[in-house]
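Peer 1: Chain order of the listed sequences is A and B. So the first sequence is numbered by our numbering: it starts at 1 and just counts up by one. So the second sequence is numbered by our numbering: it starts at 1 and just counts up by one.
Below 30 Å or equal to it, Euclidean Cα-Cα: the simulated DSSO-like pairs (lysine-lysine) are:
hint, chain 1, residue 1, chain 2, residue 2
1, A, 298, A, 458
2, A, 220, A, 370
3, B, 107, A, 40
4, A, 77, B, 79
5, A, 301, A, 105
6, A, 19, B, 10
7, A, 393, B, 86
8, B, 31, A, 458
9, B, 52, B, 62
10, A, 142, A, 158
11, A, 59, B, 107
12, B, 94, A, 327
13, B, 10, B, 51
14, A, 59, B, 102
15, A, 103, A, 288
16, B, 45, B, 31
17, B, 6, B, 31
18, A, 298, B, 52
19, A, 127, A, 370
20, B, 86, B, 107
21, A, 370, A, 158
22, B, 6, A, 19
23, A, 40, B, 79
24, B, 52, A, 257
25, B, 51, B, 62
26, A, 82, B, 104
27, A, 302, B, 52
28, B, 94, A, 59
29, A, 238, A, 198
30, A, 298, B, 51
31, A, 49, B, 79
32, A, 370, A, 142
33, B, 31, A, 19
34, B, 107, A, 77
35, A, 230, A, 142
36, A, 77, A, 59
37, A, 59, B, 104
38, A, 458, A, 40
39, A, 142, A, 383
40, A, 40, B, 10
Please keep in mind that the hints were generated in silico from the structure rather than gathered at the bench. Given the structure is predicted, the values throughout are model-derived calculations rather than measurements.
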Amino acid sequence: MIKGRAYTIFPYRFMRLGKDILLVNEAGEFIFMSENDFVKLRTYQLDIKDEIFLNLEIKHIVADTDPTLPIYLLATKYRTKKSFLNDFTALHIFIITLCCNQKCKYCQANSEDEARTDYDMNTGTAKKCVDMVFKSPSPAIKIEFQGGEPFLNFETVKFVVQYANQLNGAYQKNLEFVICANLLGLNEEMLNYLEEHKIWVSTSLDGPRNLHDANRITRKGTGTYDIVRKNIQLAQDKLGNDRVSALMVTTRDNVDKLNDVVDEYIEQRFNSIFIRTIHPFGRAAKEKLGYDVETFIKNYKKTLDYIIRLNLDGVAFSEQYATIILKKILTPFATTFVDLQSPAGTGISCAVYGYNGDVFVSDEARMLSKMGDNRFLMGNVHKNSYQEIFNGKVIRETIENSCVETMPLCSECAFQMYCGADPVRNYSVQGDLMGHRPTSEFHQINYLIIRHLMELIKQNDADIMNVFWSWITNRSIEEIKRSERG
Amino acid sequence: MIEGNKIVIKIDLAIYARIAALKTCYVFQDKCHTSLEPESESIFKVTLTPKKGSLSLPEIEKEFMDELIDQQIRVENDKLFSNIRKMIVEQAFKPISFAELKTKIRK
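Assemble the whole structure, with the sequences as input and the hints as a guide.
Peer 2: If you want it as C-alpha cells, here you go:
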C-alpha cells in the first residue's frame, strides 16, 4: 500500500455504460459504479466503510490490508479463466472429402462436384491424421468430420472411427465424434452406424423453406429443405434430440427474418440456435450475401429479445453465442469455444486436416488455402512430424499475434476477458494478423453483442437474469428460481 | 473547434500524454480520417475529417474529448498497474507459494 493512503487499488479496466462506469478486474469479475464513486476510487477518497468500497474489495479491485491475498486470488481466478490453455489441441477437424452434393451460394469451402473421387481423404491419409491426433496431450479429443459432405466418403469416416477407437484403447482419452453434414444422402445404414458409435450429428438449417432454399441448394439448383427436414427428424428419432444439432448462416435473405428462423428451429425440436454471421471465405466472398454490422446487430438484438420472451412464456430455447459470452461474463470458468479466445484457438485448441493430409490452424485457414493462400498451413501428416506441425513457425506466429492483451484497443478494453481474436479472419479481410480494430467487422460485432449483454445484466431484471442463468447452467427457469429460494 | 467539414482539436501535452492522444485517434478511425501534427512542444494538433457527411461534428468533438479523458486515465492506470498485472499473470502460470509471493510483493 502506498504510504498515506487508506487502500491499494488493483488492476481494472473500465468503460462507460450509460451514466455508469463498468469496472472489470483481471479475472473478468465486474462491478458497475457511479461516475462520482469512480472519481473517489481513483483519488483514494473512498471511505473503507462504505458499501461501494466493500463491493470493490469483493471484486479484488481495492484492499485495505496486505495485498498478497488479492493478488494470489486474482492469479488463481485468471488461471481458471485461461484453463483452455491447459491441454492443447482438443478439436480435430477432418475434411473427409471436398466433394458435395449441394452448391450453397455462400459455400465457404468451395466444394467440388460429388462425382469426383480425387478430393476424398483416403484411408492411408486418414490413418496418418489419426496418429497425429493422438499425439496431442489433450485428455479430451473430439474428431469432427467435415467436408464437402462427409457422408459421400462414409467408408473413410468408418475407418477413422474404428482406428481412433482402437488407438484409444491404449490412450484412454475422452474420445468423441461429430459429423457435420447436410444429411441429403443419409440412409438407414448410416443412421445405425451413427447410433452404434455414439456419433453426434451437426447439420445446417437456415430457416423455413423459403429462407433455407434461398441459399442451400443442390448442384442442380433445387431446394433442399424438404429432404433436410425429413432427415433431421429421422436422425432425432433414431439418435435422440440432444445428439442432433443444427447451425445457421445469417445472410441478407434471413437477417431481418431471424425470428422466423427461431420458430423453425423450435418446430424442428431444437432447443437452441447459434445466430452466426456469414464469413468472407470461398463463394461467400464472391456472392453479395452480406449486410452491414448495424443491420446484423439491430436484428440480433431483436431476436435475442424474442428468444428471451419465448423462454419467459415457457419455451426453453437458447441463443448459443449469447450463452458463450454470458458464461464468460457471469461465471469464473473458461469456455471451449475456439473462435473467441485469447490467444486464439487456432492450432492450439483446434486443428484442421485436409483431405490430402495438410494441417491448418483453423477451418477458415483451410478455406483460405482453397482460395490459393497457404499462409496458415502448418504442415502435412505425410511429410512433417507432430513437433514440426504443432510447434512450428506458423502456429507460433499466429498465436503471438492473437493475444487481445497486447492488441491496440483490446489491451485496455473492459471486455477483454470476454472476447478474443481471429488472426485468420484479420489476415483474410484486412491483410494482417493483428487487424485494425476500429474498422474490423469481427471486432465491431463482438463489441456490440458483449455491450448489449452487459447492458441487460446492468438492468438486473430478475426475469431476464433467470433466463440467462438457465442458458448458462442448462437448467429450466423453474429450477433456477428454486435454487435462488434455496 | 469546427472548421468547415473538419474538427481541429488542440491537445495540451501538459495535461494529456501523447500516447493517450494517439489511442483516442485510433478509436475514432472508424468514423474519421485522422491527422496529427505537433503545433508546438506542448501542443498536439489533431484534425478529424468524418468519413460520412451524416455525422454530427459537434457530437464527434464531444465524444473525442470524453474518450481522451478516459484514455488519459488508462495511461495513468497502466503506470500504476503494469507491475501488478505482470505479477498476476506470472503467478497464474508459474505459481509460487503464498509466503514467497508475499516476500516478492514486499520487494
